[in-house]
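Chemist: Could you put the whole structure together from the sequences, leaning on the hints where they help?
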Amino acid sequence: MTAERATIVPKKDGIAIIVYNSTFDIAMMPMMIAQGALSMGMEVGIFYTFFGMNALKKGFRPKMPGMWRMFTGMMEKKMGRQGIPSYAQLLKDNIEMGAKVYACTTTMTVMGVRKEDLVDGIEIAGVAKFLDMAASAGTTLAIG
Amino acid sequence: MTAERATIVPKKDGIAIIVYNSTFDIAMMPMMIAQGALSMGMEVGIFYTFFGMNALKKGFRPKMPGMWRMFTGMMEKKMGRQGIPSYAQLLKDNIEMGAKVYACTTTMTVMGVRKEDLVDGIEIAGVAKFLDMAASAGTTLAIG
Amino acid sequence: MTAERATIVPKKDGIAIIVYNSTFDIAMMPMMIAQGALSMGMEVGIFYTFFGMNALKKGFRPKMPGMWRMFTGMMEKKMGRQGIPSYAQLLKDNIEMGAKVYACTTTMTVMGVRKEDLVDGIEIAGVAKFLDMAASAGTTLAIG
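These protein sequence lines are chains A, B and C, in that order.
In terms of this note's numbering, the first sequence is residues 1 to 144.
In terms of this note's numbering, the second sequence is residues 1 to 144.
In terms of this note's numbering, the third sequence is residues 1 to 144.
Be careful, since some hints might not be right.
Note: identical chains are not told apart, hence a pair may lie in one copy or across any two.
[Stated by the list, open to error] Straight-line distance between alpha carbons at most 20 angstroms, and here's what the computed SDA-like set of lysine to any residue pairs gives:
| # | residue 1 | residue 2 |
| --- | --- | --- |
| 1 | LYS129 | ASP13 |
| 2 | LYS63 | VAL110 |
| 3 | LYS77 | VAL113 |
| 4 | LYS100 | ASN54 |
| 5 | LYS129 | GLY14 |
| 6 | LYS58 | LYS115 |
| 7 | LYS57 | LYS115 |
| 8 | LYS77 | MET111 |
| 9 | LYS129 | GLU43 |
| 10 | LYS78 | GLY112 |
| 11 | LYS78 | MET111 |
| 12 | LYS78 | THR109 |
| 13 | LYS77 | GLY112 |
| 14 | LYS129 | MET40 |
Derived by calculation from the structure, the hints in this document are not laboratory data.
Modeler: As structure tokens, this is what we get:
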């Protein structure tokens with residue numbers, strides 16, 4: 001029995017990401033990683049905090065950073081030609097495919113964001129939720 | 001006996017963070033993650049390198065990034081109303097609660113930072129220290 | 001037999017890094033972490049995507065970010081005095097020492113980068129390669 005129990009190894013097939021900014025590159029990264037991870041059968045959890053919160057708002061369209069801002073449309077077109085959906089579509093797809101997406105409670109309060117400002121399917125949770133997901137995920141990343 | 005030994009699984013209850021910038025959002029993130037992790041009984045190790053080094057200097061008060069710099073005071077007030085201490089207080093609290101905080105040896109030499117420039121309780125170590133902490137931590141993050 | 005199998009624990013001695021920007025600090029970080037990790041006998045895998053792709057181009061010399069750009073030469077000199085090689089040399093050394101370095105297929109197509117634009121020894125792969133490396137690495141980081 002003891003030996004049987006011993007064969008239980010920590011789950012290595014999950015990924016937990018904390019996102020803390022929302023420029024085009026930062027917003028797209030976890031979406032594309034999530035697409036890959038979900039298609040490989042991995043569990044995906046993404047937690048948005050600080051400036052990352054914007055990426056969960058209804059109608060949000062991420063812009064390229066700094067002086068590259070004006071090239072956002074061009075980048076979207078180039079990616080579209082490779083069959084990559086828009087950011088909003090990717091977020092919707094990932095949630096439908098089973099990714100768990102969380103908005104940070106504290107950030108929402110501090111920035112005055114309400115649940116109805118966020119796209120459908122987002123859950124609200126504290127940093128403990130991210131730490132819980134990360135503890136059982138083989139891959140943990142902070143992107144921002 | 002073999003079975004007994006086999007029940008020893010890699011420690012999954014620690015978190016190791018490498019911090020490489022020091023704007024308000026970047027400086028606060030590891031502090032708030034550390035607060036959550038310490039209260040959950042996790043071991044916390046944070047390693048500061050490159051521009052992250054500033055966050056360990058005595059009297060350091062992180063500013064919001066870029067054009068948001070002038071809103072630093074407003075953000076501090078908003079967070080204060082949610083019961084979130086100042087950055088300096090959080091760093092002090094985390095160290096007192098048991099977080100291990102390291103300043104990168106190479107960065108200190110390159111940037112001419114001396115031990116007496118740093119807040120109390122900081123240890124000085126090379127990148128091998130971060131790699132050691134990360135190898136035994138279930139959660140590893142780079143924030144910057 | 002069951003007990004024997006139970007002693008097989010997930011490999012904890014590898015590091016997988018995804019890099020998504022290419023300023024001096026961001027480009028140097030994974031190189032110096034890789035140096036430490038390789039000298040400790042760890043397996044190293046680094047995956048470059050989005051703006052990180054530049055860091056793999058032949059002749060690339062990373063610049064300090066924003067207004068610090070003009071201080072790039074000074075920083076290189078200061079680091080050189082501590083025995084730290086140039087970025088290009090570090091990349092070459094790490095590959096020769098066994099680090100696996102990957103350029104993101106999608107980023108190459110979107111940004112019009114060709115294999116011959118990249119330094120020798122780089123492999124081209126999709127995000128699944130990063131997820132694979134990360135799943136078996138004890139330490140996973142996103143740097144950008």
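Chemist: If you test the structure against every hint from before, which numbers come out violated?
Modeler: none
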